[in-house]
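From first to last, the protein sequence lines are chains A and B.
Residue 1 is where the first sequence starts when you use our numbering, and the numbers rise one by one after that.
Residue 1 is where the second sequence starts when you use our numbering, and the numbers rise one by one after that.
Hints may be right or wrong, so weigh each one.
[Stated by the list, open to error] Computed footprint of chain B on chain A, listed as stretches where at least three residues anywhere in the stretch have a Cβ under 8 Å from a Cβ of chain B:
(1) 22-32
(2) 58-66
[As the list claims (entries may be wrong)] Calculated pairs, DSBU-like style, for lysine-lysine (alpha carbon to alpha carbon, straight line, at most 30 Å):
(3) B:295 / A:60
(4) A:95 / B:295
(5) B:210 / A:132
(6) A:22 / B:187
(7) A:95 / B:288
(8) B:60 / A:264
(9) B:264 / A:132
(10) B:150 / A:195
(11) B:22 / A:132
(12) B:22 / A:150
(13) A:95 / B:22
(14) B:210 / B:95
(15) A:181 / B:295
(16) B:187 / A:132
(17) A:95 / B:187
(18) A:22 / B:210
(19) B:234 / B:295
(20) B:264 / A:95
(21) B:150 / A:95
[Unchecked claim] Here chain B is said to cover these stretches of chain A; the calculated rule only asks that three of the stretch's residues, wherever they fall, bring their Cβ under 8 Å from a Cβ of chain B:
(22) 126-134
(23) 265-276
(24) 280-292
(25) 303-316
Simulated from the structure, these hints should not be mistaken for lab results.
All C-beta atoms in this analysis are idealised placements derived from N, C-alpha and C, irrespective of residue type, glycine included.
There are 2 protein chains.
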Amino acid sequence: MIKAEAFVTRLKRLSKRSDHQKLWTAAGGYAAVYPVDERTAMALTTDGVGTKLLLALELKNLSTIGIDLVAMCANDLICVGARPVAFLDYYAVGKLIDEDADQIMEGIVAGCDQAGLLLVGGETAEMPDLYKDRHFDMAGFAVGLVTREKLITGEKIGKGQQVVGIASAGIHSNGLSLASKLVGSDKAMKEELLKPTLIYTKPVNEILDKKPQAIAGLAHITGGGWRNLLRLSKTAGYRLTEPLEVTDIFRHLGRNIEIEEMYKTFNMGMGLAVITDGEADFIIKTFKEYGFTAKVIGEVTDSRGEIIIDGVGAQGGAITLNEKE
Amino acid sequence: MIKAEAFVTRLKRLSKRSDHQKLWTAAGGYAAVYPVDERTAMALTTDGVGTKLLLALELKNLSTIGIDLVAMCANDLICVGARPVAFLDYYAVGKLIDEDADQIMEGIVAGCDQAGLLLVGGETAEMPDLYKDRHFDMAGFAVGLVTREKLITGEKIGKGQQVVGIASAGIHSNGLSLASKLVGSDKAMKEELLKPTLIYTKPVNEILDKKPQAIAGLAHITGGGWRNLLRLSKTAGYRLTEPLEVTDIFRHLGRNIEIEEMYKTFNMGMGLAVITDGEADFIIKTFKEYGFTAKVIGEVTDSRGEIIIDGVGAQGGAITLNEKE
Chain A
1 MIKAEAFVTR
11 LKRLSKRSDH
21 QKLWTAAGGY
31 AAVYPVDERT
41 AMALTTDGVG
51 TKLLLALELK
61 NLSTIGIDLV
71 AMCANDLICV
81 GARPVAFLDY
91 YAVGKLIDED
101 ADQIMEGIVA
111 GCDQAGLLLV
121 GGETAEMPDL
131 YKDRHFDMAG
141 FAVGLVTREK
151 LITGEKIGKG
161 QQVVGIASAG
171 IHSNGLSLAS
181 KLVGSDKAMK
191 EELLKPTLIY
201 TKPVNEILDK
211 KPQAIAGLAH
221 ITGGGWRNLL
231 RLSKTAGYRL
241 TEPLEVTDIF
251 RHLGRNIEIE
261 EMYKTFNMGM
271 GLAVITDGEA
281 DFIIKTFKEY
291 GFTAKVIGEV
301 TDSRGEIIID
311 GVGAQGGAIT
321 LNEKE
Chain B
1 MIKAEAFVTR
11 LKRLSKRSDH
21 QKLWTAAGGY
31 AAVYPVDERT
41 AMALTTDGVG
51 TKLLLALELK
61 NLSTIGIDLV
71 AMCANDLICV
81 GARPVAFLDY
91 YAVGKLIDED
101 ADQIMEGIVA
111 GCDQAGLLLV
121 GGETAEMPDL
131 YKDRHFDMAG
141 FAVGLVTREK
151 LITGEKIGKG
161 QQVVGIASAG
171 IHSNGLSLAS
181 KLVGSDKAMK
191 EELLKPTLIY
201 TKPVNEILDK
211 KPQAIAGLAH
221 ITGGGWRNLL
231 RLSKTAGYRL
241 TEPLEVTDIF
251 RHLGRNIEIE
261 EMYKTFNMGM
271 GLAVITDGEA
281 DFIIKTFKEY
291 GFTAKVIGEV
301 TDSRGEIIID
311 GVGAQGGAIT
321 LNEKE
């Protein structure tokens, strides 16, 4: 992973040649925001599901991996304030088997319905010399629309604001390689790992429509775990005194791994964090109406680049996460 | 391939559930056209390079496969009249090797420069359990912008209009599996097959800027060969009396295969076809200014779904291609 990050840094240098200043700056870099005109921009993102698809193959259940694919993209779009509108998929496979392909596409369609996305295109490639047997890979591409007024830049994040945590449905689509190793051959736990990623777009759309000022920042908790919060602002830190309850799967995964590592790798029960200046009740109410579990878990501090999480360390103490680790 | 097409048909049925009528209808389905407002829409497409990447690995030259990736997407966008603006890539690999990754990304950046695209994002995944050693796959996502006036719907295509053929640089990125088999172990021919796909966006942008009415239809010649022309209009046929000269690679490939099969699989020296109502000179001049070879190769007929190509069959006779073959 560190290697992949170094490569991404080199890539950024390489692509600096091009004219990037026309992009609007958005919090966390969750999506590129390309202006259509003065007022409106397209938010663009791409993602895959990583090794979760190998787990799906192992468990012979491909019905929800398409939901994960859509979720990874759609949840990124909302973090810049965009309303997700359109989705395309790339699906490459060793041998195209109707049953497998149907399950995958049904998942993608279900995910698009959940996210309010229209599936507008895709590419299917059969490459027996690249993928063995039923092996496959997939990439998703999602587009959203955002206005200047709704764009989340992270600039409004400030000390004393509340952090609302929205519950996840398990580990979602990050940290699967490590998690698969940790659960070993435990079939029930593997099934837990395969649970599809929750899609948070509809309540966020509603909040942004009704009260665009209610959200100062949004962090989709992906690779890097809770450190995703530190992507949103260059000045903020966080003190999280009442984290969401950690479910069994995380307790199981944590038996042989440091708690700091857990929070740096997994979502630890929180799939999305919302930063708000005084609108926590409205935000929690809206998420609950859509069936999500949500509560205030702490607040923004001015300890730049530092997250303190109370009550989860040894003997119920605090742990600290830093950006550069 | 037929199997993949059947799957795509099923997928279309599946995704009909969603609300697709808001999309603007564009010729050939080369890109989905999603409206931003009354006047402007986003054109969205995704593609891969298929087994051309295996050839690149075999020849230990990954420096241009990124150009192919961008080309496959960018050339699709222009076929609906869109100006390509932004590109994202998905790159998944067994083992991330700096040298390989740098070559690939340099190709993508070079392709984006050629296409006038801004590389705005991407995803890099290292998955040793899915891809062996240096094996990799890649998907491209490109976005263009198009106005109502510039949208190419195919409705203006009519009998007697001219077809301008724009030369390719070889087989580009389609038909590689068959071509690789046909060339066997001939290293020089393999190098020919690896030549990067030409990117036709800049002259097309210029033509659409100066005389939007000059283009009635555009066919990017991809999988399905010259039958791509039949995607543009439900009523048109084509009589092509003076096809572009076929280069050595196609003669070499054609030694053991029917000529009809060749035109149904490969681009046969023509990477793009432009349909015009009387503006052939302007179109040819513009393409030549950008260094492309271009000439009138024939005209539109009213023989719905039928392409006649003169002088390429047995004893210099004509061949006929039909849609449903």
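How the hints compare with the structure:
| no. | hint | in the structure |
| --- | --- | --- |
| 1 | 22-32 | holds (count 4) |
| 2 | 58-66 | violated (count 0) |
| 3 | B:295 / A:60 | violated (54 Å) |
| 4 | A:95 / B:295 | violated (41 Å) |
| 5 | B:210 / A:132 | violated (50 Å) |
| 6 | A:22 / B:187 | violated (44 Å) |
| 7 | A:95 / B:288 | violated (43 Å) |
| 8 | B:60 / A:264 | violated (37 Å) |
| 9 | B:264 / A:132 | holds (28 Å) |
| 10 | B:150 / A:195 | violated (45 Å) |
| 11 | B:22 / A:132 | violated (39 Å) |
| 12 | B:22 / A:150 | holds (23 Å) |
| 13 | A:95 / B:22 | violated (34 Å) |
| 14 | B:210 / B:95 | violated (47 Å) |
| 15 | A:181 / B:295 | violated (60 Å) |
| 16 | B:187 / A:132 | holds (26 Å) |
| 17 | A:95 / B:187 | holds (28 Å) |
| 18 | A:22 / B:210 | holds (24 Å) |
| 19 | B:234 / B:295 | holds (25 Å) |
| 20 | B:264 / A:95 | holds (23 Å) |
| 21 | B:150 / A:95 | violated (40 Å) |
| 22 | 126-134 | holds (count 5) |
| 23 | 265-276 | violated (count 0) |
| 24 | 280-292 | violated (count 0) |
| 25 | 303-316 | violated (count 0) |
When held up to the earlier numbered hints, the structure conflicts with 2, 3, 4, 5, 6, 7, 8, 10, 11, 13, 14, 15, 21, 23, 24 and 25 and fits the remainder.
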